[in-house]
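Protein chains in written order, with the working numbering: chain A, 1 to 262; chain B, 1 to 262; chain C, 1 to 262.
Worth flagging that the hints you see were computed from the coordinates, not collected in a lab. Treat the hints with care, since some could be wrong.
Unchecked claim - Pairs of lysine-lysine, DSS-like flavour, derived with a Cα cap of 27 Å:
hint	chain 1	residue 1	chain 2	residue 2
1	C	LYS195	B	LYS195
2	A	LYS120	C	LYS237
3	A	LYS195	A	LYS237
4	C	LYS237	C	LYS195
5	B	LYS195	A	LYS195
6	A	LYS237	C	LYS237
7	C	LYS120	B	LYS195
8	C	LYS120	B	LYS237
9	A	LYS237	B	LYS237
10	C	LYS120	A	LYS195
One letter stands for each residue in the lines below.
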Amino acid sequence: MQPDLHSREHAVRTLQDFHTFSPLTHCMTNDVVQSFTANTLLALGASPAMVIEPEEARQFAALASALLINVGTLTQPRAQAMRAAVEQANSANTPWTLDPVAVGALEYRRRFCLELLALKPAAVRGNASEILALAGESAGGRGVDATDAVATALPAAQILARQTGAVVVVTGEVDYVTDGERTLGVTGGNPLMTKVVGTGCALSAVVAASCALAGDRLHNIASACCWMKQAGELATKTSHGPGSFIPAFLDALYHLDAEAAV
Amino acid sequence: MQPDLHSREHAVRTLQDFHTFSPLTHCMTNDVVQSFTANTLLALGASPAMVIEPEEARQFAALASALLINVGTLTQPRAQAMRAAVEQANSANTPWTLDPVAVGALEYRRRFCLELLALKPAAVRGNASEILALAGESAGGRGVDATDAVATALPAAQILARQTGAVVVVTGEVDYVTDGERTLGVTGGNPLMTKVVGTGCALSAVVAASCALAGDRLHNIASACCWMKQAGELATKTSHGPGSFIPAFLDALYHLDAEAAV
Amino acid sequence: MQPDLHSREHAVRTLQDFHTFSPLTHCMTNDVVQSFTANTLLALGASPAMVIEPEEARQFAALASALLINVGTLTQPRAQAMRAAVEQANSANTPWTLDPVAVGALEYRRRFCLELLALKPAAVRGNASEILALAGESAGGRGVDATDAVATALPAAQILARQTGAVVVVTGEVDYVTDGERTLGVTGGNPLMTKVVGTGCALSAVVAASCALAGDRLHNIASACCWMKQAGELATKTSHGPGSFIPAFLDALYHLDAEAAV
């Protein structure tokens, strides 16, 4: 079960499918990253929609191509709306993705995420600490930071994938994407991405959207990881710090096809 | 009832009034666009304030020069606070503006917007799908996208204006501003504006603020549309994609007087 | 009780401590500035975490190095969570900071802030209008604007500091930092900072984080004010308006050590 390296050529082809399909992506995400998440999806040609009232979330989860559940600023009313959306997504065969932000540090969201895991997400995306915590192997984690090296979490990710049927993505210096049998590695990116809030959360939204594509979900998700790492590299080259990184990153995502073709 | 073209010279004069008056604009808007909306108003010299607790929203709607109601991430508690603010705004003769985000796709907010329409907004700003849905002429719409061409919605906008007494703004490639009798068209802008979240929502905030000015409201609102389209054009010229468009757009709004004088 | 000028050399040394300690900063802040606040803390090497559900906020306030309470978009559920977090912070000796946004204009948050003041904040950061309102000396204020000159509020800040035991920071053209006995003045900055939403709120987050450092709290907080003013000056030089100021400001914070050494 050693990971294969995902190819950038594959990622370019998947991006063309993504542009063509333009997934309508229902994002139930945290208060900190709403704008950056929407702009990331728009830059990649997807169509984001943030809908959170329980009645509306239920209705919209059936209309959308994909659903994202991110527990970063979870509240009880938001949890109730997320449950309603996930149930409706499952009825309508809308794939949904879980981002278990900071799940290692906080008991309330850990219980909620474990409850959701039983409802069959298409994908789970977290850092090493979060994936270890979901798999019951660590109770650490310093809020949203990844205090565990990503490779350490790969066995836990593979177990979690087999237990839940989800594709599990554990991200860091290398991103690993696994369905429990096959594992792909995605290299690249830049540490500057960790100095900007929301790059991980936005990746989860892109992972969620990529689950709406036809074809092999494992490869589609690895392609999503690849787009974000590639844009991160390009943006680092043209920026002077984390502030100018943000617009440069969105520009790079928007032009990724052309860049990739070079 | 063919639209007249709104002149940019008129928009420049209105902007000088806007700078002088600096409307204190009470924004009850969605979670995704709060920061961009505030920065747009600040760049134009207005004073934004986001106040959402029912008791506070009621108190503040009487202090403010103008009120914006945007239903993008409506919840039941937020709807309750919006009702309180609108009632108080009406008592205090504070003009208020409705942005019926994605009203065609979601039943809960459609009912809420129809309820608010009866409370006499000064202005309503939406895309073609949203205005058609409010007028009861279409139940479509793909979330926040405008799937109907803007000209198709003009007759519905004019009917809605006559029914409600509001100035209705339907925006797209051309913006139409109508009070049901007179109609102004505002041209310009750039498609890149649709690749950034919040340009429409921020326009609604500027429309709301412009309702606080003395003079002909139809022309004041058309001027607001004109400022945003002009800044969009300028920003497109100096940016490399949707990421760098955002700071360039705010810079352009901030310097609009000087640019317009050229 | 005339203020001494805080030295930039001192601020550079404090910044090195800040980088080394990297305070885990629990931010309960308003909906408008979440992303900018997180990016400001990240650019300075701190670790932000936004946690708002009452059960989680209580748990996290004990784990965090520091806690920020900002009442900008206060709601009743948020107030309940803030109370829980402050109580737990006090039990765990986590220093907490209050930003009484627009407290002069709104009665509900004024009562809430007075209630919190009795719970012994480590620091309070506001503009002149807000500090005057907290000290019971003015009921004015136009929302979030500072309508009172900062020097006028210094006596009120000194009284408030003696009454509450907090270090009180009143910010404007000059920032004053006082414990009621000693007062430091911090000069610099640029008026362009007031044309961007969240610079004051983000400063409060940095003030909160600086309360976690060892050493003299008065000087640590004055250093925090100094970093923000210095980054504001640098960003003004390299930006073309309030839009490009935002990325330039975060870049300047990120490189502040190197800049300061010049």
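Now for the hints, and whether the structure bears them out:
Proposed proximity of C/LYS195 and B/LYS195 is supported: the alpha carbons are some 24 Å apart, at most 27 Å. Of the supplied pair hints, the one linking A/LYS120 and C/LYS237 is violated, its CA atoms being roughly 52 Å apart against a limit of 27 Å. A C-alpha spacing of about 15 Å is found between A/LYS195 and A/LYS237, which places the hinted pair at or below 27 Å, so the restraint holds. Of the supplied pair hints, the one linking C/LYS237 and C/LYS195 holds, its CA atoms being roughly 15 Å apart against a limit of 27 Å.
Between B/LYS195 and A/LYS195 the alpha-carbon distance is near 24 Å, which keeps this suggested pair within the 27 Å criterion. At roughly 22 Å between alpha-carbon atoms, A/LYS237 and C/LYS237 fall within 27 Å of each other, so this suggested pair holds. Straight-line distance between C-alpha atoms of C/LYS120 and B/LYS195 comes to about 47 Å, which puts the hinted pair past the 27 Å bound. Of the supplied pair hints, the one linking C/LYS120 and B/LYS237 is violated, its CA atoms being roughly 52 Å apart against a limit of 27 Å.
Straight-line distance between C-alpha atoms of A/LYS237 and B/LYS237 comes to about 22 Å, which keeps the hinted pair within the 27 Å bound. Restraint check for C/LYS120 and A/LYS195: the C-alpha separation of about 32 Å exceeds 27 Å, so the hint is violated.
Hint violations for this structure: numbers 2, 7, 8 and 10, all remaining hints satisfied.
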